[in-house]
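A.B. asks: Combine both chains into one complex, guided by the hints.
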Amino acid sequence: MATQAADKPALKTEGTAPDAVVVRFAGDSGDGMQLTGGQFTLSTALAGNDLATFPDFPAEIRAPQGTLFGVSAFQINFGSREINTAGDAPDVLVAMNPAALKVNLDALKPGGLIIADTGEFTKRNLDKAKYDSNPLEDGSLAKWDLLAFDISALTIEAVKDFGLGNKDALRSKNMWTLGLALWMFDRDRQPIIDWLKSKFRNKPEIADANIAALNAGHAYGETAELSGPLRQVQVAPLPAEPGLYRTITGAEAVSLGLVAGAQLAGLPMFFGGYPITPASAILHHLARLKEFGVTTFQAEDEIAAICSAIGASYAGQLGVTSSSGPGIALKGEAMGLAVMTELPLVIVNSQRGGPSTGLPTKTEQSDLYQAVYGRNGDAPIPVISASSPGDVFECAIEACRIAVEYMTPVMLLTDGYIANAAEPWKVPDPDSFAPFKVEFLTEKNNGDQLLPYKRDENGKRPWIKPGTPGLMHRIGGIEKQEGTGNIDYSPENHQAMTDARKDKIDGISVPDQQVTVGNDSGKLLVVGWGSTFGPIRRAVSNCRARGLDVSHTHFRHIWPLPANSGELLRRFDKVLVPEMNTGQFKTVLRDQLLVDAQPYTKTSGQPFKIAELEAAIEEALK
Amino acid sequence: MNELTKVETTLKDWETDQEVRWCPGCGDYAILKAVQRTLPQLGADPANTCFISGIGCSSRFPYYIESYGFHTIHGRAPAFATGVKLANPDLDVWLVTGDGDGLSIGGNHLMHVLRRNVNMQIMLFNNEIYGLTKGQYSPTSRENTRSPSTPLGSVDHPTNPCAFALGAGARFVARGFDVSKNLPDVLKAAHAHKGAAFIEIFQNCIVYNKDVFDDFAAPKGAEDRQLWLTHGEPMLFGNQKTGEIKGLKLDAANFRFEVVDVVDGDWQAAGVQVHDATNRMLAHMLVELPFGPFPMPLGVIYDDPAPTYESAVMAEKARASEGKDTSLAKLLAKGQSWTVE
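Those sequence lines, one after another, are chains W and Y. To convert, note that position 172 of the first sequence is 172 in my numbering; the numbers rise steadily by one, no gaps. To convert, note that position 98 of the second sequence is 98 in my numbering; the numbers rise steadily by one, no gaps.
Some clues are possibly wrong.
Stated by the list, open to error - In silico SDA-like cross-links for lysine to any residue, where the CA-CA straight-line distance does not exceed 20 angstroms:
(1) 134(Y) with 130(W)
(2) 330(Y) with 242(W)
(3) 130(W) with 67(W)
(4) 426(W) with 328(Y)
(5) 426(W) with 335(Y)
(6) 426(W) with 338(Y)
(7) 465(W) with 66(Y)
(8) 102(W) with 161(W)
(9) 444(W) with 484(W)
Hints in this document: simulated from the structure, not taken from any laboratory.
With the rest of the complex left out, here is chain Y (with noise of 0.2 angstroms):
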């Protein structure tokens, strides 16, 4: 986030006049919208934003936002965004990537980007599966998967985008998917965050993995299967309208998390545990719990901010020239020499 002065603009400043290429249907289209949305209850300034992404169906959002964008090379989006970050701090930076651009090529460069905390909201968007190339499995389908390449079911096991995140330093850690109404909050709370943040938004592949985050995205039964977090309120799920109330619990002895019910929204009884987004052991544990007998954990899952990566390297860069000659001419005769006559 910059304190650069607000800009009032509407979804339609945002929009620009390329021909949206993405399959009709595709969750790309409602995460479009949805950071069309965000970008002006941000004030965000068009001329100061700065879209980057890898190779990918996801990475040609940038051409779809009238802003700065730069559609780069296939996993090395997080370098290019550093070096523009670096040169200009001022600049609003948003990453756009995928589960085979961020991490399978890009896996390395996700993780520099997150530890060092470069200022910027990174959005990876997860549909499991390599779309742009026709199919083939990638890093977060899960095991037994069909595709091209693993024409008898994938054997490798995906990984968690969430726990890499943490697990590379990540100071903001977030999930939304494609057409949830939550995720312009999830966008707004990421740009509200110092620091790399980093958004896992699950988007459904219509054509290569259709409907695969069903089991908890699809609305009907989606109480139950959902657990929207919110820092400072207990972690609670279920019907509100049938009454039918649960929520995590910590079983402190065991060192994990159970599902109880709450009786008469009394969810101090029932021991249900308040969400705390600065504390990452218990981010640690959000993002492994296993879904099927949990819900999915959504929204801000951690939030704790720590000095940026360019911040530090400006001021460095002060400390350091504080003082110092910058005549060239004395730089080029430095250290031991001698004049002929």
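With the rest of the complex left out, here is chain W (with noise of 0.2 angstroms):
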């Protein structure tokens, strides 16, 4: 059985419906895609099929026009089947100007159909593309089927009523193409056009200017139907588990499992961000939610972010801070303070290409040894990663339950694909999860006397408020006395208070590690961790859809790592780890379980493709 790469363009099917169909919407950065895209997830959610998407755009806000640096992309795999990824290559590239064909081409699949915009295949667009002669009609494009027309005078046709200039005419372009896309796998437009009234409440003449495109991107595909390649595909539903459901990305998850989390804790939350690409979603979500006891501080700089967090938790509230790889690598020092002190703190890590500036909008996995090992001095935290948008609420449930109950704080790894993306969701009910209130200290633990660091039977030190009667005390980030938090810097105290740090987060009760896809043991068990789940469980269940003797275990506890780690881990000849970095998770499980883990890495800014891990596979059962 080929991989999925080679398969057939689904479109190409006739006579059956396809059962995945693989869509990338390409344009300039200032073209709408991700808006575009957002809406036909949204109605491909609603049209019931199971669903992955890979937003993929520039760090510049609004590059050049008409540049290849400066080409937006929004790619969904929607099907009839269960979805694990995005896809790896696309059944339809919908490219609006000469410079998305260019960069996106490459991945469509042989067959696969090109929607080009006719009037943006200009002289000018095509120099800035690099195109020497015009694709669309050289010949170029030979081994794909092409439909070329002109949206943007469709559009300014279509908007020509609503009075507006060419230039903002042209604007709607992307809700006409999205028309198109919404005939084309026969989807209803009302939603669509709900939301274009909403969005566009104080302007009307803008949202009417947009459904009337919207309406003459699906009358086009009407009546186009007869001729060429376009027609119309129809993608069943995926019968799912019955329930309420809604499209989320992994930003807004993890903002509502921190609002979850805290109310579990029975606590306010502080929430000390700055912003940088990809985390500042979750920034831009908590503010909007101060019914909730959020606090939102947008600091002054990443280390004011963490610390005013720290602060916060000092004073009684659950304090969280969000970054990504630079802004984590500027509150380091802030994370030791409180591992020192002690203090609850959920610190989210939005993982991008590095090392320094990197790849801001891209995505990559390549913090984990910055969380696990990335503070000065023996300073264990806790890690958490998660493996989808859907995942990462739970996990940072899990993250604050950590934080309170062990009097830490907690690294939870999510990556720019996961804040990203949008999965549907199936929406949990909030009294499914076991609350663990936070109970204060409120009079002195000792007799007569306070002991702000007598431990608990979990080695969690006691949570007092400043404001307490009776029970002022001193805390800070030199060593502290066992017992009762006073300097002390003698040799025994010192090495009495780092075990008693390490023991603590060693001993953090974290659930057993259990295999995802195939069986208990066997020859290939492969390793993965955070938003490589997807392509991970695809790729594993295609290769024992051929009868390899592979198996998948997704890691969500990182450190400490489930007790039965390495006894799972034996029970295979062998074991692989793909990650998006050159090797780190292979490391830490090498150096914790004394097992031979074999690396396989990505550090391109893009996702795994399932092809590419079945050849893994394949190479690893030689």
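C.D. replies: Shown next as structure tokens:
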């Protein structure tokens, strides 16, 4: 059986409905491709398909028009079967200009469909995209189906009654294109119309123009059906578990999870943040949730963001901070203080390509060392990683739980892919999560003496809010004396406190590690963590369907590792660890478990393709 | 300042059981005593008082005050204190920092806590040197300061803490020095001010920068070199006993001060300026007065309250929450959703 990338394009399967289709919308970064993709995602979800998306946009906000580096793309994979990834290769490429065509063409499946706006294939734009001749006319696209027409002119025509200038009229091009896509997949336009009306409620003429463009695109599909490669495709809904669903991005899910976590702890939440791609969306979401007891604080820098959150935790709220790699690096010293003072804190790291500024809008998993080891001194911090946008919700709750139950900072790892990608999410019942209500110390805990560092059976010290009568005490970053928390540099005390901090984190109770796909033992175990969940799961499933002895396990708890991890990994002849870094989790596994974990790595800023992983699995099994 | 019930305490109530670890003779001892003397006079409640510091000699301060204390990391105390005040605006927060902690590594945070106007007292102990790291020059060290890191003398220009604070938008700026009998009054004024109250306290580092403030802080001849400011009072200095009184007069045409002699106590005739602590331009002029030709302005230089940051944040939060549904279940299901039967 061939791998998915070499499959025939889904739309060419005459007579049968495809079980999955991959569409990529690509245009200038000002063309509204992310918006188009987002709305197409919503209509797909409403149609009952399973889906996964991959927004891929440049770091520049408005890169010079028509340039290759200014291309913004949004890919969606949807189907009547379980969808694990945004798809290796698109079946349909919508190219709004020559640059978008050039950048994205290589990915398109042979025989796939190109929809291009001829109105943008001008001499000037072709030059900018470094085309010597017009690819729509020179026969270079022969191995694909091509549908080229003047979307720009058709849009201007569709909105001419609204008195907009050409420039404003052309802003509706993305809605015209969306209308055509909705027709192609037989989707209801009404939810998009409702959304446009609400989005432009203060500018009804803009709403009307966009709706007119949407309808015109849709109508174009109907009338053009008889000619050429454009035809309507039905993708059946995937029967899903009954319940209420919505689409959710990782950034939304982490925000909601933090709100839920704070409520389960019975605490107001304080979020200290500083703008950084791709983590800012969390600050934006939480800033709108004040009624849930959330205070958001845009600090003067990353350091102040975490320090203010520690200050809030010290004062009795649940302190949270969030950033991406470079900002996390700046927060390192303060994390050490939270370790030393044993205050609860949640640190969300939406990883991006590094080092340094790296690739701000691209995804990577290269902050694992930083999360696990990246502080001065012996400063252990529990690390949790989320595997998908929906999974972040539970992970955020778990991070809050560990933070308050063990009085410790906790690092939650997501990445740029999870932060921006959307997936259908079965809305959970908040009551289904066990509360972990915090109790503050209100009276002296050792007869008539206060011991701020007296530990319970979990190694946790009490949480004492300033303002509590009779419990005045001092804490800080200097080594603390066991029990009293007073300054103490003595050798035996530092040894005892270092051990106590380590034992506390090592002793955190985390669930046993399970196999996600496959058997409990065998020839090959593929070990993943984070956003590689989708592609690994699909690749392992595909390989198993071909009779290969391969299984998949996916780690949520990176530090401490689940207690059965070593035993589980040793039940397999080989262990393969695909990661979007140079092999960081592999190192942790080797160090902690003494197993011969083999790396399979990629650092292109793009998620793994299923085909790549299948090839790696086949190679490992040779 | 907080409108909380006043609590009766004595100086002793504010002493901890911890051994004070500053060098014998350090100016920090005098400041500690001045604070411990002031707190009972304020009716402060130890349980509701929180001292927050960064790193350096000055930042050991919280260990020696019997209240809540948080000794944080280098330069970042204002950020911790901001989080504390946003989480619990009722806490009475005192920030302790130094010239290195507050103006070098932590200059950014000091600027922002002042511009935001978070309600707290900020005591910056200025000894013009890095003490705890053994004597390197600091951002307030005078030009040509010889130190282990500048054996040939420093070449960079020092910053002026009060000018920095005013520039950052501070609504309260005051000055005192460690052994001054007036220091408790300055602290009380700072505490009475609602908002970020900035106090520069000149502090004698007897090991690495001994007596560097003697030119105005030494008792002998002090009256000629110290200008203690009082709101609504003329800017007078000089020897009361000998009657050699001088004053500051505004040379409006050239927009600068000049020193004038006051004859027979008639300061009006001499044209001496009356201090207006609410006049921001006046404050700018006072903090920029060159010492030498002019005395050192001390006391409350500027005091003009504005709404505090935490009150604005709380008010906005209350407005935004009014009448809003706080059901988590509804929040989770928000947006366009669909039901699978």
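A.B. asks: Hint by hint, note whether the structure agrees.
C.D. replies: Quick rundown of the hints versus the structure:
1. A threshold of 20 angstroms between alpha carbons decides the hint, and for residue 134(Y) with residue 130(W) the separation of about 62 angstroms lies outside it, so the pair is violated.
2. Distance restraint check for residue 330(Y) and residue 242(W): the Cα-Cα separation of roughly 18 angstroms lies within the 20 angstroms cut-off, and the hinted pair is therefore satisfied.
3. For the hint pairing residue 130(W) with residue 67(W), the CA-to-CA distance comes to about 9 angstroms; that is within 20 angstroms, so the pair holds.
4. Simply put, residue 426(W) and residue 328(Y) have alpha-carbon atoms about 15 angstroms apart, close enough for the 20 angstroms limit, and the pair holds.
5. A threshold of 20 angstroms between alpha carbons decides the hint, and for residue 426(W) with residue 335(Y) the separation of about 13 angstroms falls inside it, so the pair holds.
6. Annotation: proposed proximity of residue 426(W) to residue 338(Y) holds, straight-line Cα distance about 10 angstroms (limit 20 angstroms).
7. Restraint check: the Cα-Cα separation between residue 465(W) and residue 66(Y) comes to about 15 angstroms, which is no more than 20 angstroms; the hinted pair holds.
8. Our distance criterion of 20 angstroms between C-alpha atoms is broken by residue 102(W) and residue 161(W), whose separation comes to about 34 angstroms.
9. Restraint check for residue 444(W) and residue 484(W): satisfied, since their Cα atoms lie roughly 12 angstroms apart, inside the 20 angstroms limit.
The structure fails to meet hints 1 and 8 from the earlier list, while all remaining hints are met.
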